[in-house]
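J.: Input sequences plus hints: build the corresponding full structure.
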Amino acid sequence: MSFQVVREYNYAFLDEGSKKEIRRTTLKAIAIPGCQVPFASREMPIGRGWGTGGLQLTLSLIGDNDRLKVIDQGNDDSVNAVSIKRLVENCTNVATTNQSEQATLIQTRHRIPEIPLRKDQILVFQVPLPEPLRRTEPKEEITRRLHAEMEYSSIWLRLYEDIIKWGDITIGADYPCMVHQRYVFNPSPIPRYDLPKLHQANGLYLFGAGREKKIYAVPPYTDVVPLQFEDYPFQVESFEGLMCHLCGSDSSFLDEVYDADSGEKKYQCSDTGYCEARQQERGKVEWNGDL
Amino acid sequence: MGYVAVTGGQRAIEKANQLVDQYRLQDAEKALETNEIQSQLRLLIDRVMGEGGLYAPEYAAIALKQAEGDPAEAAFLLRAYRSTLPRNYYSRLIEPGDMRVIRRISSSFKDIPGGQMLGPTYDYTHRLLNFDMRNEKGAVKEFLERLGLGEKEIENASSSGKFQKVIDLLREQGLMAERTSDDQIPFDITRDKLNFPTTRSARLQLLSRGETGAMTALAYSSMRGYGAVHPTIGELRVGYLEVHIPYPLDDDDSIYIGEILTTEVETINSFTQNDQDDVEFMLGYGMTFGQNEVKAIAMAILERSLETSGSSPTQDEEFVLLHIDSVEANGFVSHLKLPHYTTFQSMLDRIRTAQKEQEKIEVKS
Numbered sequence: 000m001s002f003q004v005v006r007e008y009n010y011a012f013l014d015e016g017s018k019k020e021i022r023r024t025t026l027k028a029i030a031i032p033g034c035q036v037p038f039a040s041r042e043m044p045i046g047r048g049w050g051t052g053g054l055q056l057t058l059s060l061i062g063d064n065d066r067l068k069v070i071d072q073g074n075d076d077s078v079n080a081v082s083i084k085r086l087v088e089n090c091t092n093v094a095t096t097n098q099s100e101q102a103t104l105i106q107t108r109h110r111i112p113e114i115p116l117r118k119d120q121i122l123v124f125q126v127p128l129p130e131p132l133r134r135t136e137p138k139e140e141i142t143r144r145l146h147a148e149m150e151y152s153s154i155w156l157r158l159y160e161d162i163i164k165w166g167d168i169t170i171g172a173d174y175p176c177m178v179h180q181r182y183v184f185n186p187s188p189i190p191r192y193d194l195p196k197l198h199q200a201n202g203l204y205l206f207g208a209g210r211e212k213k214i215y216a217v218p219p220y221t222d223v224v225p226l227q228f229e230d231y232p233f234q235v236e237s238f239e240g241l242m243c244h245l246c247g248s249d250s251s252f253l254d255e256v257y258d259a260d261s262g263e264k265k266y267q268c269s270d271t272g273y274c275e276a277r278q279q280e281r282g283k284v285e286w287n288g289d290l
Numbered sequence: 000m001g002y003v004a005v006t007g008g009q010r011a012i013e014k015a016n017q018l019v020d021q022y023r024l025q026d027a028e029k030a031l032e033t034n035e036i037q038s039q040l041r042l043l044i045d046r047v048m049g050e051g052g053l054y055a056p057e058y059a060a061i062a063l064k065q066a067e068g069d070p071a072e073a074a075f076l077l078r079a080y081r082s083t084l085p086r087n088y089y090s091r092l093i094e095p096g097d098m099r100v101i102r103r104i105s106s107s108f109k110d111i112p113g114g115q116m117l118g119p120t121y122d123y124t125h126r127l128l129n130f131d132m133r134n135e136k137g138a139v140k141e142f143l144e145r146l147g148l149g150e151k152e153i154e155n156a157s158s159s160g161k162f163q164k165v166i167d168l169l170r171e172q173g174l175m176a177e178r179t180s181d182d183q184i185p186f187d188i189t190r191d192k193l194n195f196p197t198t199r200s201a202r203l204q205l206l207s208r209g210e211t212g213a214m215t216a217l218a219y220s221s222m223r224g225y226g227a228v229h230p231t232i233g234e235l236r237v238g239y240l241e242v243h244i245p246y247p248l249d250d251d252d253s254i255y256i257g258e259i260l261t262t263e264v265e266t267i268n269s270f271t272q273n274d275q276d277d278v279e280f281m282l283g284y285g286m287t288f289g290q291n292e293v294k295a296i297a298m299a300i301l302e303r304s305l306e307t308s309g310s311s312p313t314q315d316e317e318f319v320l321l322h323i324d325s326v327e328a329n330g331f332v333s334h335l336k337l338p339h340y341t342t343f344q345s346m347l348d349r350i351r352t353a354q355k356e357q358e359k360i361e362v363k364s
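Protein chains in written order, with numbering that gives the first Met the number 0: chain A, 0 to 290; chain B, 0 to 364.
FYI, nobody ran anything at the bench for these hints, they're computed from the structure.
Don't take every hint at face value.
Calculated pairs, DSS-like style, for lysine-lysine (alpha carbon to alpha carbon, straight line, at most 30 angstroms) [stated by the list, open to error]:
| no. | chain 1 | residue 1 | chain 2 | residue 2 |
| --- | --- | --- | --- | --- |
| 1 | A | Lys-196 | A | Lys-265 |
| 2 | B | Lys-359 | A | Lys-164 |
| 3 | A | Lys-265 | B | Lys-192 |
| 4 | B | Lys-161 | A | Lys-138 |
| 5 | B | Lys-64 | B | Lys-14 |
| 6 | A | Lys-264 | B | Lys-336 |
| 7 | B | Lys-64 | A | Lys-264 |
| 8 | A | Lys-196 | A | Lys-264 |
| 9 | A | Lys-138 | A | Lys-164 |
| 10 | A | Lys-18 | B | Lys-192 |
| 11 | A | Lys-27 | A | Lys-138 |
| 12 | A | Lys-265 | B | Lys-363 |
| 13 | A | Lys-19 | B | Lys-192 |
| 14 | A | Lys-27 | B | Lys-192 |
| 15 | B | Lys-363 | A | Lys-164 |
| 16 | B | Lys-336 | A | Lys-265 |
| 17 | B | Lys-355 | A | Lys-264 |
| 18 | A | Lys-138 | B | Lys-336 |
| 19 | A | Lys-164 | B | Lys-355 |
| 20 | B | Lys-161 | A | Lys-196 |
T.: See below:
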């Protein structure tokens with residue numbers, strides 16, 4: 000299989016013309032933060048809706064000097080992350096890593112790593128539904144016009160109706176935000192916990208929606224503000240009083256897991272790279288203690 | 000570790016990939032040869048080429064073998080291969096009137112110039128399971144002997160000539176709108192993202208790449224009452240079309256690069272749908288790779304339906320065009336198999352908060 004990929008296909012799978020086109024679209028997206036820029040998305044050798052947008056960004060940017068990290072739900076070892084890593088390894092000379100600090104390029108689905116991005120790092124998001132206004136308007140023709148006119152009353156109304164009906168805003172992940180006082184955007188289904196990391200960050204965030212054929216970006220030092228009301232402020236997921244049962248972290252996003260044997264509820268870091276590093280660190284400390 | 004659902008990814012994937020091959024071959028006496036797939040699963044090959052958007056019968060056979068016969072998976076394999084190929088040429092305009100026809104019918108007129116020609120069709124076979132298929136051995140020679148035909152006669156029957164188009168009869172009589180040809184450079188859906196409202200050339204391309212079942216269902220809904228279109232088939236023809244590309248050194252010259260089997264359908268639609276208030280029939284147009292008649296008819300219905308305005312699903316271009324693509328629909332529906340546990344964690348957080356809110360309200364009241 001890997002043999003075939005190397006022989007029959009170009010470096011980084013896409014032909015050079017396609018890569019250039021994607022990079023030009025990316026530059027435009029960076030120039031207009033939060034604006035969804037259309038591009039002629041290519042069919043990729045992984046499922047449409049399984050990260051093809053992110054993958055096209057990654058492959059259009061990647062070169063021999065890069066180091067790649069791929070996570071799915073924060074997890075380096077999740078099957079889809081592994082599958083994407085294998086594909087990139089098969090068609091480039093790039094080595095992968097689990098440590099976010101060692102990576103130049105990180106492709107992610109539904110999480111931002113716990114350790115903040117540096118200015119020489121790019122985080123590529125896989126985006127299922129790029130259009131924040133799709134929650135209230137199914138037609139693309141109309142949502143494009145609403146963005147052009149900055150007409151966002153329908154999404155505000157949707158939040159207001161949530162509060163009236165349920166007592167609070169019910170949007171869990173993929174929480175709509177205002178980018179630099181201009182475009183409302185979907186940050187991809189990252190938890191609300193990750194949203195503050197987008198605001199005035201050091202690194203570059205790129206968003207690729209393959210099926211919906213759009214690229215958008217949050218460049219460094221850009222304002223990203225979740226939609227909220229004065230009396231109903233934006234809230235992140237609460238993990239108060241909980242900690243990771245593996246690394247002991249009490250300040251990371253935790254997944255709720257159930258022990259296969261005992262059925263007991265436990266919590267563990269969703270960012271496995273971060274958790275692993277902390278476990279090693281802790282192991283060292285404990286070992287030294289024993290000496 | 001108690002939680003093992005999605006860890007150990009690397010090894011799990013390797014084993015799963017091995018299992019695919021194992022299941023594909025474990026009960027086989029001998030592996031299927033791709034040339035047998037290509038020659039005997041003709042209609043499946045045609046369908047997969049159409050939905051994959053790549054006319055390559057041999058590659059379609061490889062894809063079908065690799066995908067254990069799943070047409071969606073095979074179309075996806077072709078599409079993902081095709082997307083890596085550079086776009087070197089656009090062909091010269093192809094005139095379906097010049098088709099080397101193997102089948103051609105009209106539902107509008109009993110007698111048409113050149114005559115009706117049934118050709119290879121299941122339409123009038125009785126759908127009785129043919130148990131003799133179990134014992135079918137050998138190939139074309141025995142078959143011909145059984146029918147008492149020589150190879151020559153078969154060849155003659157499958158290479159009939161050109162026929163005048165039925166629709167042209169109506170045009171000559173002023174019953175069908177005479178439209179001037181539009182020399183605009185067509186939109187290329189593989190090179191540009193669609194914006195809405197889109198152009199007719201983009202619509203036709205998307206429809207001809209659409210998924211057969213999805214298009215048939217939508218066209219059926221239009222005929223049954225959720226829409227305006229219930230046409231008469233002016234002509235359905237299946238046959239071979241020659242493809243030429245411009246000669247690179249001299250633009251006036253052309254090079255013949257081969258022929259493609261296609262199905263073309265032209266439907267006749269009520270003059271009440273005429274948007275220019277002329278009392279003339281309106282044309283619906285469908286064309287697919289290979290022999291895929293139901294899809295070509297469905298395409299002609301949907302294409303016409305999208306030219307009319309109204310509130311039924313098949314009159315909504317975004318609704319039709321964005322949901323009939325096999326690769327995209329299959330991909331997104333099946334992506335639900337991916338883990339969603341951080342998103343789900345956010346949902347848990349919201350439902351617990353909302354429950355607390357509800358309890359507060361209940362206590363108050």
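J.: With reference to the structure, classify each hint as holding or not holding.
T.: Cross-check of the supplied hints:
1. A:Lys-196 to A:Lys-265: The hint holds at about 26 angstroms.
2. B:Lys-359 to A:Lys-164: 14 angstroms, holds
3. A:Lys-265 to B:Lys-192: Violated, at about 45 angstroms.
4. B:Lys-161 to A:Lys-138: 44 angstroms, violated
5. B:Lys-64 to B:Lys-14: 20 angstroms, holds
6. A:Lys-264 to B:Lys-336: 23 angstroms, holds
7. B:Lys-64 to A:Lys-264: 45 angstroms, violated
8. A:Lys-196 to A:Lys-264: Roughly 28 angstroms separates the two Cα atoms, so the pair holds.
9. A:Lys-138 to A:Lys-164: 26 angstroms, holds
10. A:Lys-18 to B:Lys-192: 15 angstroms, holds
11. A:Lys-27 to A:Lys-138: 24 angstroms, holds
12. A:Lys-265 to B:Lys-363: The hint is violated at about 34 angstroms.
13. A:Lys-19 to B:Lys-192: 16 angstroms, holds
14. A:Lys-27 to B:Lys-192: 15 angstroms, holds
15. B:Lys-363 to A:Lys-164: Given pair Lys-363 of chain B, Lys-164 of chain A holds - Cα atoms ~16 angstroms apart, limit 30 angstroms.
16. B:Lys-336 to A:Lys-265: Roughly 23 angstroms separates the two Cα atoms, so the pair holds.
17. B:Lys-355 to A:Lys-264: With a Cα-Cα distance of about 21 angstroms, the restraint between Lys-355 of chain B and Lys-264 of chain A holds, given a limit of 30 angstroms.
18. A:Lys-138 to B:Lys-336: Between Lys-138 of chain A and Lys-336 of chain B the Cα gap is close to 27 angstroms, so the pair holds against 30 angstroms.
19. A:Lys-164 to B:Lys-355: 14 angstroms, holds
20. B:Lys-161 to A:Lys-196: 67 angstroms, violated
Comparing the model with each earlier hint shows violations of hints 3, 4, 7, 12, 20; every other hint is respected.
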